[in-house]
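Engineer: Sequence:
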Amino acid sequence: MARKPRTAFPATPDAPQDEVPAQKYARRPPMFVKGAASLDKAQQSAAAETRMYRMIPVSLIDPSLIRDRIDVTEDLEPLKRSLAEEGQQIPILVRPKADGERFEIVTGRRRLQATKEIGRDQIQAFVKRMSDEEAFIAQGVENNERLETSFIERARTIISALDAGFTQVQVEKFLGVDQTMISRMKSIYSGLGEELVLAIGPARGVGRRKWERLQKLVADSGKPVEALSRDVPSLSESTERFEGFLTLMERRTITKKATAKPPAPMSGTNLGYGVKAARTARSLTLKAGAEAPEGLLDFLQDRLSKLIAEYESTKTDRE
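Each residue of the sequence shown is one higher than the last, beginning at 1 in full-length UniProt numbering.
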């Protein structure tokens with residue numbers, strides 16, 4: 001017997017029943033603690049506005065304004081099986097775009113991706129008019145209720161939010177991250193670059209210190225990050241890709257130090273009158289002591305051009 005469509009849902013329109021939580025890593029304390037009250041208010045408003053979902057073509061739903069998730073397809077197979085076998089239990093949340101024809105995903109990005117991948121062209125969705133701030137907060141709380149975002153994904157959220165026009169003060173308020181950490185995360189992500197981060201993936205369980213270490217190795221290598229992204233190992237797990245690439249960069253640094261040519265040693269020669277000559281592979285320095293007679297260095301300097309000319313003549317004779 002066909003399942004009857006559900007027309008009423010809990011007050012929280014994006015609850016996690018049809019998501020599959022990650023089991024491999026311990027959950028961190030939620031980042032979006034300061035925005036939770038605002039999200040509750042927005043969700044209650046959405047529920048009061050309408051408890052009826054709409055069927056929306058997936059082709060009309062655009063990505064979120066804030067780019068945080070690096071790979072929404074990660075661990076998606078269980079969710080795809082659930083949707084295929086049991087149907088969609090909880091609608092996603094979208095907001096209408098300015099053109100009045102398209103929508104922007106707010107919460108339920110994994111459900112949207114899974115729906116696309118199993119070949120369905122429509123999805124159940126709550127439609128709610130939301131400000132950028134409300135959407136930002138809702139998206140962040142979803143990340144903490146679902147699959148906890150990794151360190152580098154949180155850094156990506158900060159970069160994306162700033163690019164979208166949010167101030168650092170707003171980011172601090174919404175994400176619960178202080179200004180010092182915001183600056184660090186910006187520096188790490190910018191130093192690695194979007195292409196390299198996407199090649200590695202979210203790398204859940206890898207913390208700030210290791211990402212900082214990798215960023216320093218990348219900077220010290222002197223190579224363009226675009227070229228380095230091609231050296232990321234082709235492994236299925238993003239954490240393994242991170243560890244493999246970190247090991248590769250550390251080995252390259254050790255090899256570079258081992259093969260680097262040591263500086264030529266300084267040698268000193270007493271030329272008399274307290275004048276000493278010291279030289280390296282590419283320089284010659286004359287230094288006069290206190291006992292050197294006045295005018296001696298001027299005399300030697302005047303003779304340098306003649307010495308070079310004499311060298312040139314002997315070189316010609318040898319040839």
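These are calculated hints, taken from the structure and not from any lab test.
Some hints could be false.
Derived lysine-lysine pairs resembling DSS-like cross-links, with alpha carbons at most 25 Å apart [claimed, not checked]: (1) 276 with 287; (2) 223 with 186; (3) 186 with 173; (4) 186 with 216; (5) 223 with 276; (6) 116 with 97; (7) 256 with 216; (8) 276 with 306; (9) 257 with 223; (10) 216 with 173; (11) 210 with 186; (12) 257 with 276; (13) 287 with 257; (14) 257 with 216; (15) 257 with 210; (16) 210 with 276.
Just the calculated beta-carbon pair ranges, DEER-fashion [claimed, not checked]: (17) 227 with 290: 51 to 59 Å; (18) 237 with 168: 28 to 36 Å; (19) 98 with 258: 27 to 35 Å; (20) 186 with 312: 55 to 63 Å.
No residue lacks a Cβ here, since even glycine has one placed at the ideal position from N, Cα and C.
Engineer: All the hints need checking, so say for each whether the structure fits it.
Structural biologist: Hints, verified against the model:
1. 276 with 287: 5 Å, holds
2. 223 with 186: 20 Å, holds
3. 186 with 173: Cα-Cα ~16 Å, so holds.
4. 186 with 216: Holds: residue 186 and residue 216 sit about 14 Å apart, inside 25 Å.
5. 223 with 276: 42 Å, violated
6. 116 with 97: 21 Å, holds
7. 256 with 216: 15 Å, holds
8. 276 with 306: Satisfied, since the Cα-Cα distance of roughly 20 Å is no more than 25 Å.
9. 257 with 223: Given that 25 Å is the threshold and the Cα spacing comes to 16 Å, the pair holds.
10. 216 with 173: 29 Å, violated
11. 210 with 186: 15 Å, holds
12. 257 with 276: 33 Å, violated
13. 287 with 257: 33 Å, violated
14. 257 with 216: 15 Å, holds
15. 257 with 210: 21 Å, holds
16. 210 with 276: Roughly 50 Å between the alpha carbons, so the hint for residue 210 and residue 276 is violated.
17. 227 with 290: 51 to 59 Å: Once the Cβ atoms are compared, 56 Å apart, the range 51 to 59 Å for residue 290 and residue 227 holds.
18. 237 with 168: 28 to 36 Å: Given range 28 to 36 Å: holds, Cβ gap about 33 Å.
19. 98 with 258: 27 to 35 Å: For residue 98 and residue 258 the Cβ distance comes to about 59 Å; the hint is violated.
20. 186 with 312: 55 to 63 Å: 57 Å, holds
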